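Colleague: Build out the structure end to end from the sequences listed, making use of the hints.
The listed protein sequences correspond, in order, to chains E and A.
Counting from 70, one number per residue, gives the positions in the first sequence under my numbering.
Counting from 499, one number per residue, gives the positions in the second sequence under my numbering.
Source of the hints: derived by calculation from the structure; they are not laboratory data.
It is possible that part of the hints are untrue.
Said to hold, decoys possible - According to the in silico footprint, chain E covers these stretches of chain A (three or more CB under 8 Å from chain E):
id : segment
1  : 628-636
2  : 713-724
3  : 783-790
Claimed, not checked - Label-pair ranges, simulated between beta-carbon atoms:
id : chain 1 : residue 1 : chain 2 : residue 2 : range
4  : E       : A229      : A       : G899      : 44 to 54 Å
5  : A       : F689      : E       : A194      : 37 to 47 Å
6  : E       : L209      : A       : A748      : 47 to 57 Å
7  : E       : V208      : A       : A566      : 48 to 58 Å
8  : A       : F562      : E       : R270      : 25 to 35 Å
Keep in mind the model is a prediction, meaning the values are calculated, not measured.
In this text, a Cβ means the ideal position worked out from N, Cα and C, and glycines have one as well.
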Amino acid sequence: MEIFVQQLINGLTLGSIYGLIAIGYTMVFGIIGMVNFAHGDVFMLSAFIALLFFIILTTWLGVSSVALALFIVLIIAMVLTSLWGWAIERVAYRPLRGSFRLAPLISAIGVSIFLSNFVQVAQGARNKPTPPMIRDVIVLFQGESGYNVAISYKQIIIMAVTAVLLSVFWYIVQKTSLGRAQRACEQDRKMAALLGINVDRTISLTFVIGASLAAVAGTMYLLYYGVVSFADGFVPGVKAFTAAVLGGIGSLPGAVLGGLIIGLIETFWSAYFSIEYKDVAAFSILAIVLIFMPSGILGRPEVEKV
Amino acid sequence: MNAPSITTSAQTQDVTKTFDLNAALKDAFKSALITFGLSIPILSFKTVQNGADLFLESRFWLSFTVTAIVFGLRLLIHAFTASRAYRQATPSPKQATELVHAQPSAFQHVSKFAIPFFLGVAVAFPVLIYFIQGGLNESRYWIDLGILILTYVMLGWGLNIVVGLAGLLDLGYVAFYAVGAYSYALLSTTFGLSFWICLPLAGILAAFWGMILGFPVLRLRGDYLAIVTLAFGEIIRLVLINWVDLTNGAAGISSIPRATFFGIPFTAGEGGFAETFGLEFNGMHRIIFLYYLILVLALVTNFVTMRLRKLPVGRAWEALREDEIACRSLGINTTNTKLTAFAIGAMFGGFAGSFFAVRQGFVSPESFNFLESAIILAIVVMGGMGSQIGVAIAAIVLVGGPEVLRNLTFLKAVFGEGFDPNEYRLLLFGLGMVAMMVWRPRGLISEREPSVILKERKAISGSLVKEGHG
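Modeller: Structure follows, in structure tokens:
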């Protein structure tokens, strides 16, 4: 029972991170119908940006309050990663609109390879550990076997930041004119353009939002695990994509729901079955969902247009 | 979505007759500024590990250099597009108006001589190297490089069946390479079977796996198909790592039996290859034999593909690539068509894998990661999907290119002694894939040889070939 509750907390934390990344996949797929394969590597890049600026703030500028440093790092990482997201869309995807169907995917694979190797060449191939930023935990209750069920401040921060940012972006997509333009482009890009929506700008902003949420996920990932390497983009990226598909691609709440489910499955699988096969489990879920349930839990079924 | 993309890049540029220096400078400045913003965190600071702590060292010069390069490049692109726009604004009277009935292109003229030329060079390669390097042992490096390139040519041709002909984007092709390699490794180490028995078995097993993995993805297309095949490829790799009893896990399988000359081993002693043929023993005999082995395997792949293209199944593949719905309404069994494409593509992957195992004498799961799939895919994409000679050229450029760069001494003089182009190989791969999609989405050789000809040969411009929904 204690282990179950502990794994539930861990799974929800991990799931929040996956959910944040999954939103980037789901929004981009919704609006231009492509799998942004490079999104996982954008997430990895943002973790590196967060790491570098955390060191700059704490050692060079002497910011002693970890909370303040984290807040500034989060903002900087969001801004710089958004710039990357915007630039990638501008250089690698925009010229391909109207090209054949697989071109954007191949281009995205190219961007993904480029980003991970760029970080490897610039920062070295070794894992980058940071000293634990926040250590404190709150003991929730003690089981009869002496096993403490605890939730750490890190986990609380991760879940709280995720919840706050999700509601902010939910508000943007549902209530603002940008969100309306986005949903219009999603339904019919040509018609939206005819009605005076700047489609290119809307798509760019979608990438910017996706990248900034990936930056939040990257910062949280760094905070949670305290270590990042250039190869860390691929597997979390695939898992987040699985989450997006599981929740129903194109649906924002679906992405978060899918993220939480994938996070929970991964932690429970590691705890009760085998830790070696946890990635196999994630990849299998991806294949099974895509084959048998391609519209996901909350998604609309795809209508085949001839 | 499928509008002909004849001049996607040109249409987006404004056609200005004169080169507007101010605007160009402004634009170049803007892109330089963005590049600076992009490079600030990752390039300007480097983490240095000292004990348990990380320290930073700054190197702003790197950011400034990259920014300056982007500024210069952007200006050059502007100058280039301006001059091209000028040329297009004044069309020459000879310019062909109809793309479909264009004359046989320069490529077709060249290919008539180029293909026998390439083939001749490939066959005579060990002899040429022998005379250039002046000895068997000195030519070892070049023959090894030739073997490596030919392995990728073969893999590219195998994947070309799935991606180029049938239009099914397969991101997990390396799985079949792995199946082939492990089949040979396990069959030969546990049952002591020889390479020549294992080779067809490995092909059959890989084809079998191609069918097994092909079945569930029959309904999928496009991006989803690509992602599921990627998942399958990763699952196979993870199983190879974790199923320690069978595969010895991440440590891999070593001491795999070497190839024999149809039963005669390449050993120094009694009954060895050298003694049987009255030659002086040299380890290079085996390497040269391996070179010709992979050359034959690759040519068989090519030959079979070329013949299959003319058979009903090959025609069905190409029809499937162009339009799946039309294909189905014309009564083509898309299930069988897709499965044969997967199976035959996988079979050649399996052959290549078993060759890989016999050459290395060692296999481990790390040789079969996603990056390998991406490299093979990059070869197919850059070669122009569906073009056999294009795939061969792309393999030579992508695999041989970095090796050649490594040997250029003046690069070391420019970038410093520790410069290793191999570090930048994948970086350039990634950039190359993007650049290829942006500028030449049809690959290096974008023209398709028509598979059915009425009366006379006509070149079909790649831009008019609609790429399918596969």
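Colleague: Evaluate each hint against the coordinates.
Modeller: For each hint, the structure was consulted:
1. 628-636: violated (count 0)
2. 713-724: holds (count 8)
3. 783-790: Three-residue rule not met by the segment 783-790 of chain A, so violated; n is 0.
4. E:A229 to A:G899: 44 to 54 Å: Since the Cβ atoms of A229 of chain E and G899 of chain A sit about 50 Å apart, the hinted range of 44 to 54 Å holds.
5. A:F689 to E:A194: 37 to 47 Å: holds (39 Å)
6. E:L209 to A:A748: 47 to 57 Å: violated (38 Å)
7. E:V208 to A:A566: 48 to 58 Å: holds (56 Å)
8. A:F562 to E:R270: 25 to 35 Å: holds (30 Å)
Hint check: violations occur at hints 1, 3 and 6; the rest are consistent with the structure.
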